[in-house]
Amino acid sequence: MTLNRRSHLALMAGIAAGALALSACSAGSLGSSSSSGSAGSVTITMLVDNGDATVKTANGIAEAYNATNSGVTLKIETRAQGTDGDNAVKTKLATGDMSDLFAYNSGSLMQALDPGKNLVPLTSEPYMGNVSASFKTAVTSGSEQYGVPLGQATGGGILYNKKVFAQLGLSVPKTWADFMANNAKIKAAGIDPVIQTYGDTWTSQLFVLADYYNVQASQSDWATQYTANKAKYVDQPAIKGFQRLEDVFKAGYLNKDFASAKNAQGLQALVKGTGAQYPMLTFTVSAYVSMSATAKDDIGFFAQPGDDASKNGLTAWTPGGIYIPTTTKGAKLDAAKKFLAWFATPAGCDAQTKAVTPTGPYMIKGCTLPSSLPVAVTDMQKYFDAGNVAPALEFVSAIKGPNLEKITVEVGSGITSAADGAKRYDEDVKKQAQQLGLPGW
Amino acid sequence: MSTTSTRPKAPTRASRATARHVDRSYPLWFYVPGGLVYLILFIVPTIMSFYFAFTRWTLFKATFIGFDNFVLFFNEPGLIGSLRNTLVYGVLTSVSKVVLGMLLAVVLSSPLIARGYLRSVTFFPVLVSSVGVGLTFQVLLDPFHGPVNAVWSAITGADGPRWLTDPKLALYSVVGIDVWKGVGLATLIYIAGIAAIPNEYFEAARVDGASSWQIFRNVILPLSFPATSTVIILSLIGGLRSFDLIWSTTQGGPGFASDVIASVIYKQYQAGFYGLSTAGNVVLFLVVTAIVYPLSRWLNSREAVL
Amino acid sequence: MNTMRRSSRWLAGLSGIIITTVLFLVPFAFVFTMAAKDENEASMLQFSWPTHFQLWDNVVAVFQARDYMLVIAFINSTILTVASVTLLVILGAMIGFVLDRRVSKLNPLINTLVLAGLIIPPAVVPTIWVMQSTGLFKTLPGLILVEVAFGLAFTVLTMRAFIATIPKEIDEAAIVDGAGPLRLFFQVIFPLLRSVIITIVVVQSIFVFNDFQNPLYFLPGDANATVQLTLFNYMSQQRTSYNLLFTNILVITVPMLIMYIFFQRQIVAGMTSGAVKG
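Protein chains in written order, with this note's numbering: chain C, 1045 to 1485; chain H, 3 to 308; chain D, -7 to 270.
If you're looking for bench data, these hints aren't it; they were derived computationally from the structure.
Be aware that a few hints might be false.
Said to hold, decoys possible - Between beta-carbon pairs, the in silico distance windows are:
no., chain 1, residue 1, chain 2, residue 2, range
1, D, Ala53, C, Lys1294, 42 to 48 Å
2, H, Leu171, C, Lys1398, 44 to 50 Å
3, C, Ala1111, D, Val52, 56 to 62 Å
4, D, Ala53, H, Pro224, 51 to 57 Å
5, H, Ile45, C, Lys1398, 50 to 56 Å
6, H, Arg304, D, Gln56, 37 to 43 Å
7, H, Asp210, D, Leu249, 39 to 45 Å
8, H, Phe66, D, Gln56, 39 to 45 Å
9, H, Tyr174, D, Gln179, 48 to 54 Å
10, H, Val101, C, Ser1262, 57 to 63 Å
11, D, Gln179, H, Glu305, 29 to 35 Å
Unchecked claim - Under the rule of at most 20 Å between Cα atoms (straight-line distance), these lysine to aspartate or glutamate pairs were calculated in the DMTMM-like manner:
no., chain 1, residue 1, chain 2, residue 2
12, D, Lys160, H, Asp168
13, C, Lys1316, D, Asp49
14, D, Lys97, H, Asp25
15, H, Lys170, C, Asp1464
16, C, Lys1306, H, Asp168
17, C, Lys1119, D, Asp59
18, C, Lys1306, D, Glu33
19, C, Lys1316, D, Glu33
20, C, Lys1294, H, Asp25
21, C, Lys1100, D, Asp59
22, D, Lys130, C, Asp1464
Computed from a predicted model, the values in this text were never measured in an experiment.
From the three backbone atoms N, C-alpha and C, an ideal C-beta is built for every residue, glycine too.
Make a model of the complete structure from these sequences and hints.
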C-alpha cells in the first residue's frame, strides 16, 4: 500500500518534470504549411483578421507574391475580428511582438495605434504615388503616411431586393420621406420593409454611420466642429441618424426576429425576398452572392436618403491598410518594403480580384474591376463616378465612441429614445476624445 | 501508525524541543515557491492596478490624472444599472445554487435507483466551458428558430419569450443558464457535506421516530451548514465577478440591459481605456470585498457556534 | 410496508431520472445531434435527428480546420492543464501544510493573502505588464504560472482544511524516526492527501482546461491556441457553421468527461474532508 502510494508520487513528480520541460516550447504549428524558405531567402509574416474573405484575399496575395518573387516569402497569420482583434493588435504593438506586416483599419482606429511611435512611415516610398489621395488622408498622422490599401472601398447604405421593388412598382428613394412611403407599401404587401439584425450588434450602426453624407451635406465643417468638441450628436443635423432608427422601429417596419437575427440571416431574408431592404455595408456582397444563383442580379444598392433629394450621396468606407510596425528591422524591413512595392500595383489588385469578388473600387491607380460584377457593386460605383461620395466620419475624425453599436441597438429596439441615445453617445465620444488627449475636451 | 498514543506527556523541556522541531519540520521556505509565483503574478499586478487606475493609460503611455477615472466610471450612464445587475446576478445565482443544490443533494444522498447516473448527470454541465455553454444556449434559446421556443409554441400556440434579447428578461435568462451550469458543483459540495454528518445523528433521529422532513429540518439542515457557507461564498464570489457566461450569451445586451461591472470593465478594456478599465477593476474589487468579507466573517462565526 | 417503501423509492428515482434527463441531458443531446448534421440542416437550429448522420466527417473537418489548429490546441491545452495543476497541487500542499502545522507571525498575513486571492478579480493589463518585464508574456510557462497564481488561494484553502484532519501524531512519529522536512512532507503527508488531491485535480483541471480569458490575454497567437479559442474558428461576421461549431464543443468537452468518469467516486470523498469542513 505504502509502496504503491510512493510509486504514484514518483510518477506524478515525473509527469510534472516532463510537462515543464515540454512546456518550454509550445506546440507551434503542425500540418500543411508548405514553404520553410530556402537558404538565403527572407520569410516575412503578415497578420490579418480571420474573416472568411480577408483570409482568402490574404492567402491569394501570398500565393501570387510567392509565385512571382524570389528571395522573399510571405506568410499569413490571423487574429480575431472586431474589438477583440483591435485589442490583439494594440497589445502586440505595445509588447513589440507584432508580425512583420499587419493589416488594420485606416482612419480613427489606425490613429489610435499611436502611428508616430509604432509604425514605419511610408511617405517617401515611390509606390505611394500609386495610392489614391483619399486613402492617403485616411492613413496620415501628423505629416507622415503609414499604409497601403488592402481591399476596396466599401459603401454604407441600403441593399434592396430589386424583385420586390419591381413587383410593387417602387423606385429607389432619394429622400427619407420617399423611403418611408415605400416602406408602407412594402409592409402592406406582407413583406418586412427593413431588415435589422441585432444578433450581430455591429449591424445596428448603419443608419447612424451611413447618414454621415447627409450630415456633411447640410453642414460641411461638422467633422471639424465635432472633433473640436463643438458639434454634438444630440443636435441637428447629426441626431437625424438616431431618429431614422427610431422611425423604422416605431412604424413597425422591422422583421420580427430583429433582436436576435444575425447578419447572415438578414442577408438570407433579403435574398429570399421576405425582407425588402437591409441597411448594410457593401463588403457583404461576397457573402450573399453565394446564397443563391440569382442573388448577384437581384440585390441592388442605394445610399441612405436624407431630407433633400438634390443632395443625395454615398457614405463610403476607405479600405483598411497594410502597415509595417517599427519592430520590423533590417532584412525583414527591406523584404516588407519590397513586398509593398509589388503590392501597390495592379498586380496586387489582380491577386485580390482572383481570390475574392471585389465589392467596390480599388484605391490604387491603374487597377481595374472585372466585368459582370454584382449589381450592388455597380450601383455603388455610380456614386463614385458622379463624385457624390463622402468618407465616413471615422476617416475624417479620430473620435469614434466604442459603445455606438450598443446604443444603436437600444434606440433601434425601442429601449431608449433617439434623443437619449444620442446624448449617451456624446458621453461615449467624450471618453474616447479624452483618452486620445485631444484639445478642447 | 498510531505509535504516538504511547508518547509520554510532554514536560517543559520537551515542549521547547517541540518548538525547535516545529521550526525544523515545518520550514518557512515551503511558502517560498508558491508564494513567489503568487506575489509576482497576482499581488504585484493588483498593487500596480491602484497606480494605473489613476492614469490615462494607452498601453503606450500612462498619464497621471488623479481621480478622473473614478469620476468618469461613476458618471458612466450604465454604471448604476450594471451595479444593480451585478448584485441581482450574484444574489440570485448564489441563492438558487444553495436551494437547488441542497434539494438535489438530499435526494441524491438517499438510496435511489440510478443514483450514480443522476449524480453524474447533474455534474455534466460543470464539465463544459462557459463559452461552450453560452454558445449552446444562444442557439437553444433563439426566440424564433430555437428548440426551446419551438416547444413553447407547440404547447401554448403563441410565440415564446425572447429569452436573451428582451431587455427585461435577458439578465434572468443568463442567471438561469448560470444555475444550470453551476448547480452540479453546489450539489457535489452538499453531498460531501451530508456524507460528513456522522451516522449516529440519523440513527438517533430514526430511533426517535422522526419523519423525513424532521430529519431534514433538524439534522441535515443545521449539520450541513459548513457546506452551505462554502456554497454561498464560492457562488457569490463567482456571481459578482461573473463575466464569461454573460459575455458569451448577451455581451451585456441588448444595449446595456444585462451589463454587469465585469462586462463594463471588459468593454472599456476593449476600447483601449486601460486606465479607466483598471479603475473599474478597483471598484469591482471594493464591491466584492465589501460584500463577501463581512459575510464570510459572519458565516464563520455562525459555524463556530454550531 | 417494505414493498411500498421500495416502490415509492423506485417512483422517486424514476421521476428523478426523467426530470434530470430532460433538464441536464437534452442540451447535450442537442449538441450531439447538431454535431452530426450537415451545415444546411444545422443552420435551421432544430432539435431533430440528422437526416445525414455525418458526425465522423465533421470531427475530421474540425480537426483539419486551419492547418490542424485543433491538434495544436489540444497539445497546448494538455501541457497547460497538466503542468499548472501539478504545480498547484505540490505548491498548494506545501503552503497548506506549513500553514496548518506551524503557528507563526506570518499566519495572519498569509490567511489574508489567501482570502484576497479568492476575492480579488485579477487585474489583466498590469499582469501583462509584469509578464513582459519578466519575459513571461506570450510563453506557455508564463501562462502556466498565471494559472497557478490565480488558482493557488483556493488550493491552499482546501489543502489546509484537509491537512487539519490528519492527526499531528503521524508527523511526530515520522520525526521521531528521523525524517527531515522534505521526507516528512513528500513521503509521509503527501500520500495521505490522495483524496483531496483528486478533488483539486478535477476542479482545477476543469477550470484551466476550460479557461478562455487567460489564454486570450497572456498567450495570444494562432500557434499558441488553446482548445477554447478554437470555437471561434466557426463564427465569422457573416457565417456561422453551426455543425462544426457544435462538433468542436463536443470534441473539446470529451477530455473533461473522461476525467470525471474516471475520478467520479473519489471526488466526494476528497470534498467530505476538505472543502466542506471549514
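Hint-by-hint comparison with the structure:
| no. | hint | in the structure |
| --- | --- | --- |
| 1 | Ala53(D) to Lys1294(C): 42 to 48 Å | holds, 45 Å |
| 2 | Leu171(H) to Lys1398(C): 44 to 50 Å | holds, 48 Å |
| 3 | Ala1111(C) to Val52(D): 56 to 62 Å | violated, 30 Å |
| 4 | Ala53(D) to Pro224(H): 51 to 57 Å | holds, 55 Å |
| 5 | Ile45(H) to Lys1398(C): 50 to 56 Å | holds, 55 Å |
| 6 | Arg304(H) to Gln56(D): 37 to 43 Å | violated, 56 Å |
| 7 | Asp210(H) to Leu249(D): 39 to 45 Å | holds, 44 Å |
| 8 | Phe66(H) to Gln56(D): 39 to 45 Å | violated, 51 Å |
| 9 | Tyr174(H) to Gln179(D): 48 to 54 Å | holds, 53 Å |
| 10 | Val101(H) to Ser1262(C): 57 to 63 Å | holds, 59 Å |
| 11 | Gln179(D) to Glu305(H): 29 to 35 Å | holds, 34 Å |
| 12 | Lys160(D) to Asp168(H) | violated, 58 Å |
| 13 | Lys1316(C) to Asp49(D) | violated, 30 Å |
| 14 | Lys97(D) to Asp25(H) | holds, 13 Å |
| 15 | Lys170(H) to Asp1464(C) | holds, 19 Å |
| 16 | Lys1306(C) to Asp168(H) | holds, 16 Å |
| 17 | Lys1119(C) to Asp59(D) | holds, 13 Å |
| 18 | Lys1306(C) to Glu33(D) | holds, 17 Å |
| 19 | Lys1316(C) to Glu33(D) | holds, 17 Å |
| 20 | Lys1294(C) to Asp25(H) | violated, 76 Å |
| 21 | Lys1100(C) to Asp59(D) | holds, 14 Å |
| 22 | Lys130(D) to Asp1464(C) | violated, 43 Å |
Of the numbered hints given earlier, the model fails hints 3, 6, 8, 12, 13, 20, 22; all others are met.
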